[in-house]
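Engineer: Heads up: the sequence lines are chains D and Y, in that order.
End of the first sequence = 162 in the numbering used here, gap-free, step of one.
End of the second sequence = 274 in the numbering used here, gap-free, step of one.
Just so you know, not all the hints are guaranteed correct.
To be verified - Stretch by stretch, here's where chain Y covers chain D in the computed footprint (C-beta under 8 Å, at least three residues):
#1 34 to 47
#2 69 to 76
#3 111 to 125
#4 135 to 142
No lab work stands behind these hints, which were simulated from the structure alone.
Computed from a predicted structure; not experimentally measured.
Where a beta carbon is used, it is the ideal one built from N, C-alpha and C, also for glycine.
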Amino acid sequence: MPIDETELVASYRRVEHPLYNALYRMLWDAQECQDVLHDAYLRLWQRKRRVDAARIDALAWTAALNLARNQLRWRRLRGWTPPPEALDAIAGGDDPQAMAEHSRLHAALQRLPAAMLEVVLMAEFSGMGTREIAQALGVPEGTVASRKHHAVLRLKQWLGGH
Amino acid sequence: MEDDRMPTAALARLAPPPGGERRLREALRKHQARGFDWRLPLAGAFASLCMLVLAYAVARPDASMDAEIQRAVAGAVAPIDGIRVAGARIEPVATRDPGVRIYRLAGDQRKP
Numbered sequence: 001m002p003i004d005e006t007e008l009v010a011s012y013r014r015v016e017h018p019l020y021n022a023l024y025r026m027l028w029d030a031q032e033c034q035d036v037l038h039d040a041y042l043r044l045w046q047r048k049r050r051v052d053a054a055r056i057d058a059l060a061w062t063a064a065l066n067l068a069r070n071q072l073r074w075r076r077l078r079g080w081t082p083p084p085e086a087l088d089a090i091a092g093g094d095d096p097q098a099m100a101e102h103s104r105l106h107a108a109l110q111r112l113p114a115a116m117l118e119v120v121l122m123a124e125f126s127g128m129g130t131r132e133i134a135q136a137l138g139v140p141e142g143t144v145a146s147r148k149h150h151a152v153l154r155l156k157q158w159l160g161g162h
Numbered sequence: 163m164e165d166d167r168m169p170t171a172a173l174a175r176l177a178p179p180p181g182g183e184r185r186l187r188e189a190l191r192k193h194q195a196r197g198f199d200w201r202l203p204l205a206g207a208f209a210s211l212c213m214l215v216l217a218y219a220v221a222r223p224d225a226s227m228d229a230e231i232q233r234a235v236a237g238a239v240a241p242i243d244g245i246r247v248a249g250a251r252i253e254p255v256a257t258r259d260p261g262v263r264i265y266r267l268a269g270d271q272r273k274p
């Protein structure tokens, strides 16, 4: 059954915050994250006749992550690196210790391979279970579990067992 | 037991830039108002039609041209200044190219 505008906007309200948070840790640019979010929802709207209302949130994640992945590919070709202010802006306010911890965490996230980063961010922000994440990414559940497990191990190792 | 807590739990929860929903609604409205753009399909259809007409005009055998050539050849064997070509027939020769026509003047086999 096709979706209508009310359902699309309702999904946007549910997904905007978590998806924005995940996208920001991939793209490190607020405006670009919002553009990707909007493009993802416009794509869903263009395919509204084929979009299942029950899966609209997961499809928005899928579309947005695909767009972010394309964006990252372009950046890699241009040799782009995130500006320091992109990390400092969210590094924990005035508390120097919190700022240092956030900076280390962000640096560790940037070292993760893209496939692991996506799984970690979805697990952290989307509220989806392993099965839903697997469906959204189009990979088997075991792959999601494995990527998440290895990503957590690496992060803990890089962060010194914190 | 292994500690499977996510180190990312410490990540700050960021607020997206304000006005996102309004921007999305505007984009949806623009998208709906634009509707289906017929210009490109129409231009494509017109171009196809032109190509079809052109191809048909070029490939079609021209009957009037055939008749004209036949008349010219017949005129060539007609008596000129008292000289008459007698006992000749015009025979079309088959060619692969429809644009090329070849005719042969054949002598009358009945006469020696």
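Engineer: Check each numbered hint from earlier against the structure, then list the numbers of those it violates in ascending order.
Structural biologist: 2, 4
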